[in-house]
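Student: Okay, here's what each chain looks like letter by letter:
There are 4 protein chains.
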Amino acid sequence: MYSFPKNFMIGYSASGFQFEGGLPGGENPNSDWWVWVHDPENIASGLVSGDFPEDGPGYWHLYKTDHDIAERLGINTVRLGIEWSRIFPEPTLGVRATVDRDEEGNIVSVDIDQGDLEKLDRLANRSAMEHYIAIFNDWIDRGGKLILNLYHWPMPLWLHNPIAVRRRGPDRAPAGWIDDKAVVEFTKYTAYIAWRLGDLPDMWSTMNEPNAVYLLGYIYIKSGFPPGYLSVEHSLKAAKNLVQAHARGYDAIKRFSRKPVGIIYVYSWPEILNDRYRDRLNEYRETIYHAFIDSIKFGRSSIVGERDDLKDRLDWLGVNYYTRAILEFSRDVPRQVPGYGHVCGENKYSLAGRPCSDFGWEIYPEGLYMVIKDLWRRYGIKMILTENGVSDRHDRYRPSFIVSHLYMLYRAMKENIDIQGYLHWSLTDNYEWAQGFKQRFGLVEVDYGSKKRRLRPSALIYREIASSNGIPEELEHLIQIHSPPNRLEAE
Amino acid sequence: MYSFPKNFMIGYSASGFQFEGGLPGGENPNSDWWVWVHDPENIASGLVSGDFPEDGPGYWHLYKTDHDIAERLGINTVRLGIEWSRIFPEPTLGVRATVDRDEEGNIVSVDIDQGDLEKLDRLANRSAMEHYIAIFNDWIDRGGKLILNLYHWPMPLWLHNPIAVRRRGPDRAPAGWIDDKAVVEFTKYTAYIAWRLGDLPDMWSTMNEPNAVYLLGYIYIKSGFPPGYLSVEHSLKAAKNLVQAHARGYDAIKRFSRKPVGIIYVYSWPEILNDRYRDRLNEYRETIYHAFIDSIKFGRSSIVGERDDLKDRLDWLGVNYYTRAILEFSRDVPRQVPGYGHVCGENKYSLAGRPCSDFGWEIYPEGLYMVIKDLWRRYGIKMILTENGVSDRHDRYRPSFIVSHLYMLYRAMKENIDIQGYLHWSLTDNYEWAQGFKQRFGLVEVDYGSKKRRLRPSALIYREIASSNGIPEELEHLIQIHSPPNRLEAE
Amino acid sequence: MYSFPKNFMIGYSASGFQFEGGLPGGENPNSDWWVWVHDPENIASGLVSGDFPEDGPGYWHLYKTDHDIAERLGINTVRLGIEWSRIFPEPTLGVRATVDRDEEGNIVSVDIDQGDLEKLDRLANRSAMEHYIAIFNDWIDRGGKLILNLYHWPMPLWLHNPIAVRRRGPDRAPAGWIDDKAVVEFTKYTAYIAWRLGDLPDMWSTMNEPNAVYLLGYIYIKSGFPPGYLSVEHSLKAAKNLVQAHARGYDAIKRFSRKPVGIIYVYSWPEILNDRYRDRLNEYRETIYHAFIDSIKFGRSSIVGERDDLKDRLDWLGVNYYTRAILEFSRDVPRQVPGYGHVCGENKYSLAGRPCSDFGWEIYPEGLYMVIKDLWRRYGIKMILTENGVSDRHDRYRPSFIVSHLYMLYRAMKENIDIQGYLHWSLTDNYEWAQGFKQRFGLVEVDYGSKKRRLRPSALIYREIASSNGIPEELEHLIQIHSPPNRLEAE
Amino acid sequence: MYSFPKNFMIGYSASGFQFEGGLPGGENPNSDWWVWVHDPENIASGLVSGDFPEDGPGYWHLYKTDHDIAERLGINTVRLGIEWSRIFPEPTLGVRATVDRDEEGNIVSVDIDQGDLEKLDRLANRSAMEHYIAIFNDWIDRGGKLILNLYHWPMPLWLHNPIAVRRRGPDRAPAGWIDDKAVVEFTKYTAYIAWRLGDLPDMWSTMNEPNAVYLLGYIYIKSGFPPGYLSVEHSLKAAKNLVQAHARGYDAIKRFSRKPVGIIYVYSWPEILNDRYRDRLNEYRETIYHAFIDSIKFGRSSIVGERDDLKDRLDWLGVNYYTRAILEFSRDVPRQVPGYGHVCGENKYSLAGRPCSDFGWEIYPEGLYMVIKDLWRRYGIKMILTENGVSDRHDRYRPSFIVSHLYMLYRAMKENIDIQGYLHWSLTDNYEWAQGFKQRFGLVEVDYGSKKRRLRPSALIYREIASSNGIPEELEHLIQIHSPPNRLEAE
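The listed protein sequences correspond, in order, to chains Y, F, E and A. Those letters in the first sequence? Residues 23 to 513, by this note's numbering. Those letters in the second sequence? Residues 23 to 513, by this note's numbering. Those letters in the third sequence? Residues 23 to 513, by this note's numbering. Those letters in the fourth sequence? Residues 23 to 513, by this note's numbering.
The shape of chain Y in the complex, shown without the other chains (with noise of 0.2 Å):
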């Protein structure tokens, strides 16, 4: 028996955009993600689906049906996130805020007051308010913990559209996070929800995997990510805005709650094959890999140069892990190898004999067990492994996933790592972004015909683990780790 430590938070973790949409009245048209995924053009291109989220898993009315699951699971806390599209679905541009920017032009602080408050209570819709609520009081009434996500990718309409940034160009179309004035209207979202729901979550998140925002929206293309367009100076003008937004944001709830505030981050664990790479390794480490979160945590990166107002924001950090990124470099910029990390093919083997998921990721737990020791070293936070999972549709691999991916934090744990908790991602399927419904991350299979929940056998497994607080002695078998190549496919 590997045993976790006592009141380790044992959950999930969702989204409102992933989830909520499914049946009459969840729909939420108000955001770039939406009008994106229903483009035309889009989805003549291939770069989404044609898959839509009000065909989704129906989490808005859903919920205690999901509740009830994860309460049979035995797991004892959620992240869940609220959509701010859906409680801004208009513009509150016209609130005033206080805003101080530094001779840069920075944005150091951003005030809202009571009236301000107040105005954007009058702008938001009180009603999706409320829900928010019910949702979170039948969690919480389960005695079970509630992380809060503020942000987890769509942005309102009116400050990003990213089919007009595509027609008429980034400076006639809202713009989304290069401009800072989304680090202003997140801020006020972020302290309205603050000052509505106080002590209420147990923890805060600002935001979920920043990275993912302003690299696949703006490097990474072909992930169908918004706004879609190449441009490295846009990535990073959209990073350094999302610093700002987290750390106003910070300030912002600090008002209005006592509970700890951090932000979730996507870590893919990056290694080199060839030794002549090294050095660039370690300099992409310190200037990309490493450079949001040391911006709110030493205020002090190479995104935002030396920013005192940014610094000690970060009170717990949410770690995301998948897969590894095996890099090389073409005349000096950085790229995934194929064959490892996310460049597999689908269901095929890594070039290291390893599994790869549905999504053609590689299974890798070794390197979650690296992330956190290397996390651990350079900032000694709490962490909760907000983000963990596999699009694996028939349950091949998700059992001794669960269980290998969690006896790596076990190890970290055991070196006296402050890890408090694992979050899988997630307790149904739902929809993948761009993807749609064809890559299936739940411990839950959905029918989303008849909106029906279907327990995987990881479900069970998840509930052994939840239930004992650890990977009992008859599970630890599933650990599998370094499986040498070429085992699995011929047995």
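Honestly, the hints are just simulated from the structure, not real lab data. The C-beta atom is built at its ideal place from N, Cα and C for all residues, glycine as well. Each hint can be trusted.
Straight-line C-alpha distance at most 16 Å; calculated EDC-like pairs for lysine to aspartate or glutamate:
#1 F:K244 <-> A:E63
#2 E:K474 <-> A:E498
#3 Y:K474 <-> F:E498
#4 Y:K473 <-> F:E498
#5 F:K473 <-> Y:E495
#6 A:K473 <-> E:E495
#7 A:K474 <-> E:E495
#8 E:K474 <-> A:E495
#9 A:K370 <-> F:D380
#10 F:K473 <-> Y:E498
#11 F:K474 <-> Y:E495
#12 E:K244 <-> Y:E63
#13 Y:K370 <-> E:D380
#14 A:K474 <-> E:E498
According to the in silico footprint, chain F covers these stretches of chain A (three or more CB under 8 Å from chain F):
#15 65-74
#16 236-245
#17 250-263
#18 354-364
With chain Y held as given, fit chains F, E and A onto it using these hints.
Tutor: Using the frame of chain Y, we list chains F, E and A on its own:
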């Protein structure tokens, strides 16, 4: 929810030889099979694996551990076996018994009187007997039902010495079932056990899969079963003696126990691909496929001719089912078509696009329904699915295997066919005869080094089924039948 | 023996950009594609491979080697290309030409007089021109036929700068085919080449796969083609200018050469799985699939409306064929169904059970027959299969790929359809655009380090075909069409 | 270019039983193998396939067709066989011969005088003999070399009746090689053939793979070889008689022919995975692996003890090589480790990551080099690679199989090892013993219905090699040895 009837038996089946060994004192070197799997010529030839039963799961010592697991999984019934050669390591030939023969020499009755029983008791290994009773009571005391099977392939060496048969010929060595001495000695053994146990078991089975004995031992000799020589004549002789042994054993048990007495037979649903074989198929069923059970139900078959003394010796029928058999006929000889049923590549897909197990057996749940329907029509007798399982080390198919086969039973029961239970083969990994430890049939993995038990995900699936006495709606998606070719492959 | 007609052309196709580079002096940095594949942002984003054409097979220097191989293989025809940007690295904009436009501004004629030609000659890289002529003559001197294609995707950078377009917008940078300047400049280029070469080539093609240019560049932007932004409007604009460029180029060539002038187009046979899309499919064919060639054959299409100046500009049609396209329609938008055609897993099987190439393209020879029949019915014009091949590094499928597709041509010719030749793509491995060197289409493997050529087994198969001008009986077994699902897999 | 020595023999090997049948008149029902594969019990048991040699490639009638193909492929040497039972369908027991035995009863000489030969001639099927001569001359007349092998497994039924042996025991039926009558009769047969043919063949082989006969017939009985019963004692007896038969046959041929006389043996390179088996491996080589050839070279071995009359009966050694054998030892008994060598899944990958054939044999060219080196060190005798090939219906591996194994020969020859030729198994598909027609070893596919021959791509590869007497540089890339695990799989 597909509910099973009240009092439906859900459990597992096990045998002596495959499970008992593993820890010092658990071995039993007195049987043909023991000698067979240790024989250096057999090992050298590849007929047997070179694995040994004394390295097995160790149930002889660890039965409480396994019963604990079974209880936790919600299992209400187990089928266990007694090893004939463990009870009678020395010959019982000297114990007189009154044997009646008809004019053709058939054994029509075997009478064992009180004196005989006492003599048998003096010959018996009574401490082994006590140990079996302790095992049975451990299970019964937990409130579970017990089905007791008296013969599952190993014979006492003094009755069958396959190595000596090979060297000296069947006429100059103890020749097992081709000699009708075996009928008499088997009756003594059954009488003795019934005399000792009376109504302790809830149900009796005289023997498990006699067809494996007479077909694999004398026809399909690549299977590595003793005595391993090819002779259709001896196969038929063995079949006839097994029929007589069952009938005389049935009579003997009835004297001492009020509990129902049945037999367990394995059925591979026979099909053809080419309609020109239709007549042959029908003939095959009448003369071969059904002949054994016809003998003991109707007293009439190609094996025994017409025999009243064999008739109606069947209170219930145990059905073992694993896969189907696609037949073709080469010069009137039936042979299984490669690429289907038992004759597939390990872990490949059958020519019908169905996944195949680690053993190369096609997964074909529909065949179970066909078998059951056909048997019900023919015999109208209550049945128990006494074995069903899959060699699947990584548990890729077992969850859907179990649910799909149970669904087939459900369908049959919906048509008012009297099926009283489902016993999975098996709770734990065990010694798969000539194949040794390579084939893993357990809901629970056994680490043969440490003897530790580990749950496979399917164990948890089984618990859900057992605890709800049916297929919960949440698991219905695991029913996978008639998946179109390539679907699973391509996904 | 399936014999081809007398004088049937059997050969290979090649292009400039993909083949010429590899040895010092062979590079040509003056095109949009050169800049595109070297752009660090493109590399970082994964839009392009990070491989470079200057590391290619080196045909610019090694053409004799390759012609030797071709000759030994019995090849009688090659299709080669000229790189526009190599001949005119500097703008030809200053060379006046008489451009006539109709009232809608369409370019209805472009007249280049002798003075213009001489100016062009002064602007041209004449040593490159001489080198091309040497290459062509080397082949012609061996007795081979030459089909000369004038445009295979790269444009001079001064006409199209996709990086500048991305940074500054298409209205503030050389915008390629969306600007009708390209029509005029292309006409100057074609006139110049025709003036120089006259009747040297046996046949002319103005351009290869304009549909790749206007679809992959502006719609299917995940393909990594320049300019790589999504705009249906610009796609249509580019299509129209390509039509005009062809027509004006056709007129220009005709002034200087008596040889037939055609165009080469790539066809993926469109099919549907669901009959409710039947109307949509028909509509798709009329308005999209056939629109380009309709424009230059009938002077009437959804691209150009009604235009007499475009009509009958087609002496022959080059057909490129690789696979099919299964279509479905999401909110009226056609999209390719994953699991078929171009959208399969690399080296997996399609959902129809067909093997797929290293590129993930389904092998579907029947589609070629359908394409040819359909084109013959529509245009009744002589055709050449100008490209057909498979990315198959280990040559697992290429032998049967070649024979099966040739058999489809044979079947079509049996029905008196006028097909004059088959040109394989390609003789050697080459630079596969955004994919780089990973995809290997050669009958002959290239070791890119040493530039050595190695025969794949299919090269020898091709020699048998070429030398017997048909499919010899001994190779008929390689015809593999409509293999039942799973057959290959299971065997 | 890896050049072979001048006069290097490149060709193919064939046998009688596997090739001759197929057309009326070609069958020969006088052998043990004929009876064996037609026996209904054998078919029912799955020991044999149910395919029959009379449906084979039909070489008896179609030898000119096959020689035509061979000639076109540039083949300069063939190894053909004579069927003993075709020449002597009736017993030759009555022909007296002078047999000398030593005090232990060993046959130390067999003298057949002119009178005996004339009696044999009267018993012989002379028209069959003439037909063989016509076949041989057809090849010789084309300028090819002929290696004639006299025994390739089938024995006359009057000497070996495996079905009778099974029914009545080896002491009451013609028992084949365990009876030293076989030595005498074999000598008569060889003497007769040599007397008839004299110097017609360029080289003689007395027998092919006697180890298959004594090991598969008496030890590895799952192979389905007659007589198919397990007895190490009889295996050794057969081995000894085969040794004596070779030696006496050698002596007999030498009387009538000046051409070199050798034997053909099959070698699977033995390896271990675990170093603790090192001593066992060495012992295995000395006592088992090399014992047969030691007997006829050194007159000393574990099979024959010390025998001068057997010594130096070897002018050349034929080496057959297919794969390796990874050994482990269970209680001193050597067994092949599953997952390597002959014991792999059909068309899967070995546990070392090597591809495996349709037969489940690992492709391992390095083993050939090891075998050759080891034999050269031990015997220092000239060798011919007399069989090497792969069951590969779709020709996925054969091209690289051939080239890789030839490269291994090349490497050995570079070290001055005297290898005089390479004979592929085989030119055409043929009857693979107990496996029937499923395993396809031909460079040329046979359509068994029409008897048509079709070239596999590897036939053309072979032609390139034969015509250039080496591995042309253009084919070097097909050398695939020690490919890192997973490489092929992943690509």
